[in-house]
Amino acid sequence: MPTAVIPFSPEMDASQQNVSHSPPRSTHREPHSEAYLMPAPYQDIVHALRQAFPQPTSDRVHDAYFVFSFLRALDQVDRMKSVSPLLGKPETLDYSAAKQCRVADEPSTLEHVTEELVAHLSGLFVSGHPRAQVNVVPAPTIPSIIGGMLPSIYNPNLCSDESGRRVSVAEVEVTAMTAELVGYPAEQAGGVFTFGGTGTLLYGVKIGLEKACPGTAQTGLREPAVLICSERAHYACLTVASWLGLGEQNVVQIPTSPENEMRTCLFETMLRDVLKQGRKVAAIVATMGTTDAFGLDDLASIIEIRDRLRDEFSLDYTPHIHADAVIGWAWSVFNDYDFTTNPLGFQPRTVRALAGTARRIKHLGQSDSLGIDFHKTGFAPYVSSLFLLRNAADLQLISRDQSATPYLFQSGHHHPGKYTLETTRSGSGPMAALANLRLFGKDGLRSLLGHLVTMASELSTHLKAHASTTVLNADNFGAVTLFRVYPDGVDTFSIPKLEQTDASYRDQLKANNAYNRRVFELIHAEALQGRGVVISLTDCYRLSDYGEPIVALKSYIMSPFSEPENVSAVLDSIWRARQIIAQEQRQP
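According to the numbering used here, numbering within the sequence shown proceeds without interruption in unit steps and concludes at 588.
Treat the hints loosely; a few may be bogus.
What the hints assert, rightly or not - Simulated pairs of lysine to any residue, SDA-like, Cα-Cα distance not exceeding 20 angstroms:
1. Lys81 x Thr92
2. Lys418 x Arg438
3. Lys81 x Val118
4. Lys510 x Val490
5. Lys362 x Arg352
6. Lys89 x Glu116
7. Lys81 x Ser127
Keep in mind that the hints were calculated from the coordinates and are not lab data.
Kindly generate the complete structure, drawing on both the sequences and the hints.
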C-alpha cells in the first residue's frame, strides 16, 4: 500500500500537488482589466476536475492518490462483507425513487462519488460465496479483475491495433490458446470478443446465413431460411432469428431426450423435410451444455448427418454448424486428460461425470464456429465472450466495405473493425480471459471444474436419498442440479415419471409446480435477508409429454470455496421452507 506517500487531495497547495498553480490562459489582455486577472469560473472547474483523471504523465503524488482511491473503495466494500452470501444489508429496491434522479448543476468530489457507487453494491449477492448457487455466476479471480480493470484506465479500442496496440495482441493470443484447446487449428482459426453469449451466436448465424444466402448483407433476405436447434437450446436462438430477420417462426426446434440432448434421429428427419421444401439452412446450433440441465448435444452425429444430407441434396453450400459452448467449452481441458490413471486424484464418481462430459466436448473442433463465455466457466468478470471460428477466412463473409469507414484503419496491420458488428470494443474481456488462461493452465481449470462437479454430485446424492426430493437431471454431468420438492405423502419414486408422461396427472403436476414455486419464494426471501442459500428456479425445465411445463429448483455451484457443509445448507433451507408451507396449509 502507498501509505508512505501523502495521498493527493484538492486541498493541497500547488507545490505538494506537482501541478501548475493555474491553467494557462490567453496572452491577450487589457492591461488594467480586473476581469482578466481573475480566472473564468469554467477554468476553476476544469482545474478541479483534472484531479479526477489519471495523470497522463508520471506524477508520484497523484498516482498514489489514484491507487489510494481504489484502496479506499475496496476497503468500504470489504466492510460490507459478513458470513452471509449478501453484501451489506438487505435492500428494498425503489425504482420510483430512481426515476426522480437528475443531474446536479455543480460537480461533486471523487470521494463522494465513490461512496455513492459503493452503496449501490449493498444487498448484492456475493457470487463467490459458497452459499450463492444461482444460475452460472462465478467468482472472478483477482488477476482477471486486474485484467479487466487495466484497459479501463487507458481505453484501448479493439477496432484496430492502431488504438488497441498490445491489447489487440492479447485478443489474438486468447483466440489462439482457446482454438488449440477446443481442437481448432490455431494458425487457421480466428475470433473476436463480443457482447455476450447471444453475441457469439449472432455472429455464427450471420456467417451461416451469408453462406446459405449469399449477398443477404447487401440485398436483405430474399428467400426463406431456417435456424435449427434443440428444444432445450438457449432462448438466444429465438432472439437471433428475430434480430437477423429470419423470424422466430423459422426456428426449427428438435425434440430432446430425457438427457436433454437433441434426438439426432428426429434431427435428420426434420432437416430432410426442410431441404425437401427448398428452404435454406442459415445455421444448425448444437448446444454443448444447456443452461438448465447441462445437456450436451451429440455434435459428431449432427455433423455426420449434415454432411450426408448436403451430399444427398447436392447443396451448393454446407450448412453452418455453430456450437453453443458458452458453458461447456471449459471441459476441453480434459481432451488430453488420462482418466484411467487420474493423476489429479478425483473421486470415482467425479471421474465418471467428467469423462461423460468430455466424450461430447472433444468434438468441438469439428464445428464451424463456437461461442465461449469466460465470464461463466472461465471465472472472469462480465463481459468476456469469444466468438471462435474454425476458419478465420469466414470473417470476410461479414466484412464491410472500407470506403464506409474512411477515417479508420489508416495505420497498423490488424483491423477487426472491418468485420465486427461493434466498432467500439473494450479490451477488458480479452485481458480478463488471458489472465485466467495464464493463471489456471490446464490443471488449474481441471481442478476447479472437478471440485465443482464433486460438490454438485454431493448435493445430488443427498437429494436422491430423501423421501421428499427428486433430482431431474441425474444423467447430466455438470455443476448444476435440477430438483423438485414434494409435500409429505408423495411417492417420489413414481411421481416424476407420471408427471412427465401421464396426462391424468396434469392437475397434480400443476399443484406440485405451485408447491415448488412457493419453496423457491421462501428460500429466496430468506436469502434476501442474508440467511440460508441463494438458488434459482426455472419455470420450464422441460415440457411434459402432454404439454405442461415442469417447474424445477436449481442449484448451480460455481464457488471454489464450496465444501460439503454448504451442500447441507441447501438441504436445511429446503426443510425450513417445507415446514413453513405445512404450517400455512394447516391454517384455516
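Below or equal to 20 angstroms on CA atoms is what counts here, so check Lys418 against Arg438.
29 angstroms, violated
Hey, Lys89 versus Glu116, does the alpha-carbon distance stay inside 20 angstroms?
This hinted pair holds, its Cα atoms lying about 15 angstroms apart.
Measure nothing beyond the straight line between the CA atoms of Lys81 and Ser127; if it is 20 angstroms or shorter, mark the hint as holding.
Between Lys81 and Ser127 the Cα gap is close to 12 angstroms, so the pair holds against 20 angstroms.
Taking 20 angstroms as the top limit, are the C-alpha atoms of Lys510 and Val490 close enough?
14 angstroms, holds
Would you check the hint for Lys81 and Val118, treating anything up to 20 angstroms between C-alpha atoms as holding?
Holds: Lys81 and Val118 sit about 12 angstroms apart, inside 20 angstroms.
Hint check: Lys81 vs Thr92, CA-CA at most 20 angstroms. Holds or violated?
18 angstroms, holds
Lys362 paired with Arg352 [C-alpha distance capped at 20 angstroms]
OK: Lys362 and Arg352 at ~15 angstroms, within 20 angstroms.
Figure legend: structure checked against the earlier numbered hints; the only hint not met is number 2.
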